[in-house]
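A.B. asks: So the chains spell out like this:
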Amino acid sequence: MKNRTNRLPDRRRRTLLSQLIGASFGITALLGSSLHAADVNTTGLAVTDDTVTVGILHSVTGTMAISETGSVQAEKLAIEQINAMGGVLGRKIVYEQEDGASDWPTFAEKAKKLLVNDKVAAVFGCWTSASRKAVLPVFEQYNGMLYYPTFYEGLEQSPNVIYTGQEATQQILSGIDWVAETKGAKSFFLLGSDYIWPRTSNKIARKHIEKLGLKVVGEEYYPLGHTQFNSVINKIKLKKPDVIYAIVVGGSNVAFYKQLKAAGIDMTKEKPLLLTISVTEDEILGIGGDNINGAYAAMKYFQSLDNENNKEFVAAFKEMWGDDIVIGDVTQAAYLGPWLWKAAVEKAGSFDIDKVRAASPGIELTSAPEGYVRIHENHHLWSKTRIGLAKPDGQYELMYETSELMEPDPFPKGYQ
Amino acid sequence: MNFANTVSWRHMLSMACLLLLLAIVLPITLDAFRLNLVGKYLTYAFVAIGLVLCWGMGGILSLGQGVFFGLGGYCMAMFLKLESSTPEATAIQSTPGIPDFMDWNQITELPALWIPFQSLTLTLIAIIAVPVLFAFLIGVAMFKRRVSGVYFAIITQAIAAILTILIVGQQGYTGGVNGITDLRTFMGWDIRSDGAKTVLYFVTIAFLCLVVFMAQFISRSKLGRLLVAVRDQEDRVRFSGYEVANIKIFIFCVAAAFSAIGGALFTLQVGFMSPTLVGIVPSIEMVIYCAVGGRLSILGAIYGTLLVNWAKTSLSESFPELWLFGLGALFIAVVMIFPKGLAGVANSLADRFRKPRLDVASSPDMPTPVDDSNASSTPLTSTTHQSATRHSRPGSAVHGAAGAAGDIGA
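Residue numbers (my numbering), protein chains in the order written: chain A, 180 to 595; chain B, 8 to 417.
Accuracy of the hints is not assured; some may be wrong.
What the hints assert, rightly or not - Derived EDC-like pairs: lysine to aspartate or glutamate, alpha-carbon spacing no greater than 16 Å straight-line: (1) A:255 - A:498; (2) A:365 - A:449; (3) A:255 - B:328; (4) A:386 - A:356; (5) A:382 - A:332; (6) A:298 - B:38; (7) A:362 - A:421; (8) A:298 - B:324; (9) A:419 - A:445.
Claimed, not checked - Covered stretches of chain A, going by a simulated chain B footprint (3 or more residues, C-beta under 8 Å): (10) 290 to 296; (11) 301 to 312; (12) 361 to 375; (13) 454 to 467.
The hints are simulated quantities; they were obtained by calculation from the structure and are not laboratory data. Glycine included, C-beta positions come from ideal geometry on N, C-alpha and C.
Using the sequences provided together with the hints, build the complete structure.
C.D. replies: In structure tokens form, the structure reads like this:
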């Protein structure tokens with residue numbers, strides 16, 4: 180049995196084992212090593228009697244490296260934990276890491292290399308929508324399986340991708356409902372970086388705001404990397420919205436929140452209130468907790484979530500990658516990828532992509548740091564949406580979470 | 008031309024070596040995936056060849072060749088995207104039959120800009136005509152006003168930045184940051200299969216040969232020598248009665264056309280086009296390919312492109328977190344140790360095996376062997392001292408400024 184070789188202390192092993200995704204999967208895992216590679220792999224993937232190779236495909240160089248590093252770390256942690264528990268179908272996971280270099284053609288090239296040359300059983304990777312769009316035809320052509328961690332705009336449902344982050348409606352609708360109900364917000368100013376995710380998200384937000392009978396008083400976009408937000412801040416001051424709905428991405432965030440503060444908009448006074456769906460704990464590291472203190476964020480995970488799964492996850496993450504590290508929404512979603520794949524492989528009893536795909540809908544994870552999640556037929560996750568309040572220490576304080584899991588709806592009727 | 012005859016055997020030999028490598032050795036030794044990668048690299052070689060003419064020979068350093076590569080690539084991508092956006096394939100959209108990203112941006116009918124790209128003939132014309140026209144406009148605006156050197160380089164870089172911002176900003180019409188993705192067929196032929204990629208690889212080689220022959224024809228023609236003269240002594244050429252601006256505009260347009268062919272072939276092989284291939288960074292990388300190959304050597308540019316890209320791919324596969332350092336070291340090594348690039352190394356090796364009296368034919372691809380150790384600054388600096396050097400070297404004087412100017416005078 181592979182379990183005997185692991186070096187984790189018994190206590191921790193027991194807690195990890197107790198998180199097994201249902202007893203039946205546990206049994207399959209223990210029996211797994213008796214299955215021959217040929218039985219669990221009929222399509223020539225890189226599976227031996229002892230190991231299975233997967234791919235990790237993120238940018239570790241270039242402008243996106245700062246965002247994607249957390250995902251790489253989370254995926255490696257999950258793989259190490261799975262290996263410590265005996266691996267998948269009795270096989271240790273070996274990973275082949277490739278650098279997408281923040282460059283979309285490179286992503287496509289590396290995806291093809293992982294699928295065609297390395298014959299990996301699954302790929303955990305991509306971050307930006309552009310990189311996902313670039314690799315998508317490769318995954319569909321060579322029938323690979325991609326676990327994609329980022330919250331994104333929806334409008335996509337590939338048989339070759341499992342989307343472990345939230346699609347736009349999950350993130351947006353309950354956030355707007357919450358500010359409308361608890362804060363009595365009447366008017367919104369929409370703001371975003373100029374590409375598909377912020378634009379689509381604001382389109383959905385605008386439709387929902389108008390459905391609620393509320394008003395959008397402005398909508399503005401700025402190129403990625405833009406650092407001069409003074410003109411839009413002046414417009415916001417003139418229009419006096421109740422809510423600034425901000426989907427500014429990447430490095431622009433630093434300039435935006437600093438200039439907002441410098442212009443005398445104190446977010447703790449909530450006049451106007453700021454609600455974002457793009458700033459995780461990772462971004463706050465760059466922005467500085469003082470500059471964003473008092474803003475609200477709507478997403479599915481905060482590092483501060485108070486539950487047993489999350490405490491263990493945060494502790495394990497810090498043990499592996501250092502105490503100074505922060506964990507954002509996407510990092511947690513990336514951590515789910517290997518676990519969801521393991522559960523699907525064990526349910527299918529095979530590494531074959533087609534069987535894993537067929538087994539995926541309905542896969543549940545009770546051990547997820549964000550709490551219970553389940554894969555929908557449309558390959559997205561059922562998950563709760565939460566509202567956090569940014570604190571000066573760079574962490575979010577949980578203010579609200581939906582009582583039910585939000586259904587993923589990548590092609591929302593009435594919002595297109 | 009007598010000069011051309013004396014060196015042509017060597018051209019034929021080096022061309023044959025290249026063809027042997029590209030058309031026989033690589034397809035036999037590499038698997039389909041690696042061969043497709045080489046095919047992708049070769050599309051960048053089109054840009055590098057354009058830069059040899061424009062920068063190496065003509066002294067016009069353009070840091071915006073990605074613009075023309077991108078325009079060619081986008082023209083092809085628009086055609087392929089329309090072909091794959093059939094009403095059946097896009098039935099899930101609010102407006103079936105238009106490209107998916109337009110639907111996401113609330114566009115409900117095909118924009119007028121896209122309509123010509125429903126026709127293959129118009130697309131093929133546009134792939135060359137659009138970039139050339141754009142290059143012509145830039146050329147007229149710049150060269151007629153005698154903008155040159157560093158100023159021209161900066162302006163081309165700005166144009167690359169502007170075009171990127173334009174493409175990203177107009178995402179309903181261009182696909183924005185994502186680019187135009189998910190291209191499947193070309194006239195009903197599935198371009199994603201390994202067989203198709205191999206065919207496209209050989210198509211790329213065929214076009215590359217065509218471009219190489221055109222480039223060599225230009226470099227050996229009177230125009231080629233005029234170009235070198237313009238680079239080294241612009242005023243002398245002007246005083247001899249030539250319209251310098253026209254020569255520059257012409258070669259800039261030729262380089263743009265070459266780049267555009269590369270871009271269109273890139274789109275076919277890689278299956279998408281995005282603004283990351285248009286901007287400043289890829290444009291500068293393309294200049295580096297040319298510099299590594301030896302900016303005066305047409306075939307060197309191809310080897311340089313292959314070497315840099317191969318290093319980039321293999322370093323990034325082996326050391327995903329460190330490869331940029333390795334690549335940086337490679338560039339430093341090339342600049343410090345082989346300032347004339349690969350072609351310079353090859354020629355000095357060749358010269359060791361030949362007698363001094365044959366020196367006149369020693370550098371067929373290098374019309375002006377320059378003694379300058381700083382490869383990138385040569386075309387930008389005053390070249391008086393270099394001309395002086397050349398006069399003292401009888402072997403190379405025939406290629407040099409004095410030789411060319413003398414030819415004109417006679």
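A.B. asks: Could you run down the list of hints and mark each one as holding or not?
C.D. replies: Going through the hints against the structure:
For the hint pairing residue 255 (chain A) with residue 498 (chain A), the CA-to-CA distance comes to about 13 Å; that is within 16 Å, so the pair holds. The suggested pairing of residue 365 (chain A) with residue 449 (chain A) holds, with an alpha-carbon distance near 13 Å, which does not exceed 16 Å. Straight-line distance between C-alpha atoms of residue 255 (chain A) and residue 328 (chain B) comes to about 15 Å, which keeps the hinted pair within the 16 Å bound. Restraint check for residue 386 (chain A) and residue 356 (chain A): the C-alpha separation of about 12 Å stays at or below 16 Å, so the hint holds.
A distance of roughly 10 Å separates the Cα atoms of residue 382 (chain A) and residue 332 (chain A); the hinted pair therefore holds under the 16 Å criterion. Restraint check for residue 298 (chain A) and residue 38 (chain B): satisfied, since their Cα atoms lie roughly 14 Å apart, inside the 16 Å limit. The suggested pairing of residue 362 (chain A) with residue 421 (chain A) holds, with an alpha-carbon distance near 9 Å, which does not exceed 16 Å. A distance of roughly 15 Å separates the Cα atoms of residue 298 (chain A) and residue 324 (chain B); the hinted pair therefore holds under the 16 Å criterion.
At roughly 13 Å between alpha-carbon atoms, residue 419 (chain A) and residue 445 (chain A) fall within 16 Å of each other, so this suggested pair holds. With 4 residues having a beta carbon nearer than 8 Å to a beta carbon of chain B, the segment 290 to 296 of chain A meets the requirement of three or more and the stated coverage holds. Coverage of the segment 301 to 312 of chain A by chain B holds [criterion: at least 3 residues with CB-CB distance below 8 Å; count 4]. With 3 residues carrying a beta carbon less than 8 Å from a beta carbon of chain B, the segment 361 to 375 of chain A meets the three-residue requirement, and the given coverage holds.
With 0 residues having a beta carbon nearer than 8 Å to a beta carbon of chain B, the segment 454 to 467 of chain A misses the requirement of three or more and the stated coverage is violated.
Hint 13 from the list above is the single one not met by this structure.
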